[in-house]
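Asks: Chain by chain, the residues:
There are 2 protein chains.
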Amino acid sequence: MSVGRLDIIGLGPGPERWLTMETPAILALATDVVGYGPYLDRVRIRPGQKRHASDNREELARARHALALAADGAHVAVVSGGDPGVFAMAAALFEALEAGETRWREIEITVHPGISAMLAAAARLGAPLGHDFCAISLSDNLKSWNVIEQRLRAAAMGDFVMALYNPASKARPGLIHDAFALLRELKPAETIVGFARAIGRADEKLTLTTLAEADPAIADMSTLVLVGAHATRSFEACGRRWIYTPRGSGGG
Amino acid sequence: MSVGRLDIIGLGPGPERWLTMETPAILALATDVVGYGPYLDRVRIRPGQKRHASDNREELARARHALALAADGAHVAVVSGGDPGVFAMAAALFEALEAGETRWREIEITVHPGISAMLAAAARLGAPLGHDFCAISLSDNLKSWNVIEQRLRAAAMGDFVMALYNPASKARPGLIHDAFALLRELKPAETIVGFARAIGRADEKLTLTTLAEADPAIADMSTLVLVGAHATRSFEACGRRWIYTPRGSGGG
Numbered sequence: 004m005s006v007g008r009l010d011i012i013g014l015g016p017g018p019e020r021w022l023t024m025e026t027p028a029i030l031a032l033a034t035d036v037v038g039y040g041p042y043l044d045r046v047r048i049r050p051g052q053k054r055h056a057s058d059n060r061e062e063l064a065r066a067r068h069a070l071a072l073a074a075d076g077a078h079v080a081v082v083s084g085g086d087p088g089v090f091a092m093a094a095a096l097f098e099a100l101e102a103g104e105t106r107w108r109e110i111e112i113t114v115h116p117g118i119s120a121m122l123a124a125a126a127r128l129g130a131p132l133g134h135d136f137c138a139i140s141l142s143d144n145l146k147s148w149n150v151i152e153q154r155l156r157a158a159a160m161g162d163f164v165m166a167l168y169n170p171a172s173k174a175r176p177g178l179i180h181d182a183f184a185l186l187r188e189l190k191p192a193e194t195i196v197g198f199a200r201a202i203g204r205a206d207e208k209l210t211l212t213t214l215a216e217a218d219p220a221i222a223d224m225s226t227l228v229l230v231g232a233h234a235t236r237s238f239e240a241c242g243r244r245w246i247y248t249p250r251g252s253g254g255g
Numbered sequence: 004m005s006v007g008r009l010d011i012i013g014l015g016p017g018p019e020r021w022l023t024m025e026t027p028a029i030l031a032l033a034t035d036v037v038g039y040g041p042y043l044d045r046v047r048i049r050p051g052q053k054r055h056a057s058d059n060r061e062e063l064a065r066a067r068h069a070l071a072l073a074a075d076g077a078h079v080a081v082v083s084g085g086d087p088g089v090f091a092m093a094a095a096l097f098e099a100l101e102a103g104e105t106r107w108r109e110i111e112i113t114v115h116p117g118i119s120a121m122l123a124a125a126a127r128l129g130a131p132l133g134h135d136f137c138a139i140s141l142s143d144n145l146k147s148w149n150v151i152e153q154r155l156r157a158a159a160m161g162d163f164v165m166a167l168y169n170p171a172s173k174a175r176p177g178l179i180h181d182a183f184a185l186l187r188e189l190k191p192a193e194t195i196v197g198f199a200r201a202i203g204r205a206d207e208k209l210t211l212t213t214l215a216e217a218d219p220a221i222a223d224m225s226t227l228v229l230v231g232a233h234a235t236r237s238f239e240a241c242g243r244r245w246i247y248t249p250r251g252s253g254g255g
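So the protein lines, in turn, are chains A and B.
Residue numbers for the first sequence follow the numbering used here, beginning at 4 and rising by one.
Residue numbers for the second sequence follow the numbering used here, beginning at 4 and rising by one.
No lab work stands behind these hints: they were computed from the structure.
Note that the coordinates shown come from a computational prediction; the quantities given were computed from them, not determined experimentally.
Take the hints with a grain of salt, since some may be wrong.
Examples of chain A residues lying across from chain B (beta carbon under 10 Å, computed) [what the hints assert, rightly or not]:
1. P18
2. Y39
3. P41
4. V89
5. I112
6. H115
7. A123
8. A130
9. L132
10. N144
11. M160
Quick reminder that beta carbons are idealized off the backbone N, C-alpha and C, glycines included.
Using the sequences and the hints given, assemble the complete structure.
Replies: Below, the structure is given as C-alpha cells:
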C-alpha cells in the first residue's frame with residue numbers, strides 16, 4: 004500500500020472571502036477531511052469524501068488519526084480555524100509525528116498558511132499590530148498560570164502589543180480576570196484594549212475601551228483580546244473609532 | 004465631489020495562491036492602485052486603472068497621497084506585501100489620517116487581512132509558532148537600538164518564540180549581528196534558529212540551525228528569522244528537517 008499525503012489547512016476566522024486562493028482546490032483533492040466539528044461544517048464535503056469530526060480538546064488523538072489515515076494511503080486534509088500554525092493543529096501534528104510510528108515519516112506533509120484571528124481582528128480595529136507585538140494563549144489546559152504570568156510580565160516589560168488568544172476557558176473561567184488584574188498592575192490605566200468577537204461572522208462585535216474600564220467578562224471563546232502598547236492610539240474617523248500603533252513606536 | 008474609498012490590502016508573501024479569495028475583486032474595483040513598486044508589479048493593472056508607485060521608505064508620504072486621492076473621489080487600493088497591518092502600510096495610513104485634513108475622515112476605509120511573512124515562513128518550517136510568540140521589527144529607521152534591545156530582552160525573558168522582521172538594513176548592516184550577539188547572551192546555544200528567505204517564491208531558501216551556529220549575515224531584506232523558545236524542537240521526517248513548538252510549552 005502506498006503512503007499518502009497530509010495537507011494541514013487553516014480556514015481563517017470564518018468567511019470564505021478570507022480563505023487563501025489555494026484552499027478550495029486542496030480541500031477538493033482530499034479523500035478524507037479531519038477536524039473539529041464546527042470547522043468541518045465550513046467545508047463543502049464532496050461525494051465520496053470522508054468526514055472525520057472530533058472534539059476540540061482531542062488535538063493529539065485527532066493528529067494521530069490523521070497520520071494513520073495518511074500512512075494507509077489516504078490524501079488527508081486536516082482543517083483548523085485561523086492559521087494552522089498559531090495555537091492550532093500543525094504543532095499537534097508534528098508532535099504526534101515525532102512520537103509516532105516510523106512509517107508515518109514517509110507521508111508527504113504540507114502546511115498551508117491561513118488568516119490568523121489576530122490579523123483579522125487587527126484589520127477590523129485599524130492597525131493595532133503596526134509595531135512589535137506578541138501572541139499569548141490564555142488556555143491553561145496545557146500550561147500553568149505561572150507560565151502565563153511570566154509571559155504577560157515579559158510582554159508588559161517589552162511594551163509589546165498583546166494579542167490574547169483563548170481568553171475564556173470553561174475549565175478556568177477566572178483566568179481572564181486574573182490576567183487583567185495582573186495587566187492593571189503592570190500597565191497604565193489608559194492602555195487601549197479591544198475585544199474582537201466572531202470577526203467576519205454575522206455576530207461580529209468590536210468593543211474598544213481602556214485597561215481601567217475593560218470588562219474581561221465579555222471575552223468568550225470566540226473573542227480575541229488586543230491590549231495596546233504605550234504608543235497605541237485611538238481616534239474617530241469614517242463614523243467610527245479606530246485603534247493603531249504607529250510605526251517606530253517607543254523611541255528613535 | 005463625492006468622497007471616495009480606500010481599501011488597504013496585503014498581497015501575502017508573493018505567490019497568488021496565498022492571496023485571500025476577496026483580493027482579486029477588490030483590486031479590480033479600484034480606480035487607483037498605490038504602493039511600493041515591487042508590490043505593484045504583482046498586481047494586474049486593468050485598462051483605465053492608475054498605478055502609483057513609490058519608494059519603500061516613503062510610507063507616510065504614500066499614505067497621504069492615497070488619502071488625498073480617495074478624498075477627491077477615487078476608489079484607492081493601497082497594497083502591501085504580507086499582511087497590511089504587520090510592519091506595513093495600515094499603521095502609516097491611520098497615522099496620516101489622524102494627523103491629516105478633516106475631510107479625509109469622510110473616506111470609507113477597510114483594512115483587509117493578508118498572509119503575513121511569519122505565517123508563511125512558519126508553515127514552510129513546520130510549526131514553530133505553535134506556542135506563544137512575538138514579532139519584532141529590526142528596522143531601526145524609526146526606532147532606536149535601545150528599544151530593540153529592550154524588546155529582545157523581554158522576549159527572551161518570556162521565552163517567546165521570536166519572528167524577526169526586517170533583519171537587514173542598508174543603513175545599519177551591523178544590527179542583525181548585534182541582535183544575535185545579545186540573543187547568544189540571553190538564550191541557550193542549542194536554541195533552534197530558522198532563516199526563511201523569499202518564502203513561496205522561486206528563490207525560496209530555508210536554513211535550519213542553532214543560535215550558536217547561525218550566521219546572521221545570510222539574512223537579507225527578503226528573510227524572516229525565527230528564533231525558537233526553549234521547547235522548540237527539530238526532527239527529520241518526509242525527507243527533510245522540521246521545527247515545531249509543542250502546544251503547552253513551558254510547564255503545566
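Asks: Could you work out which of the previously given hints the structure breaks and list their numbers from low to high?
Replies: Violated hints: 2, 3; rest satisfied.
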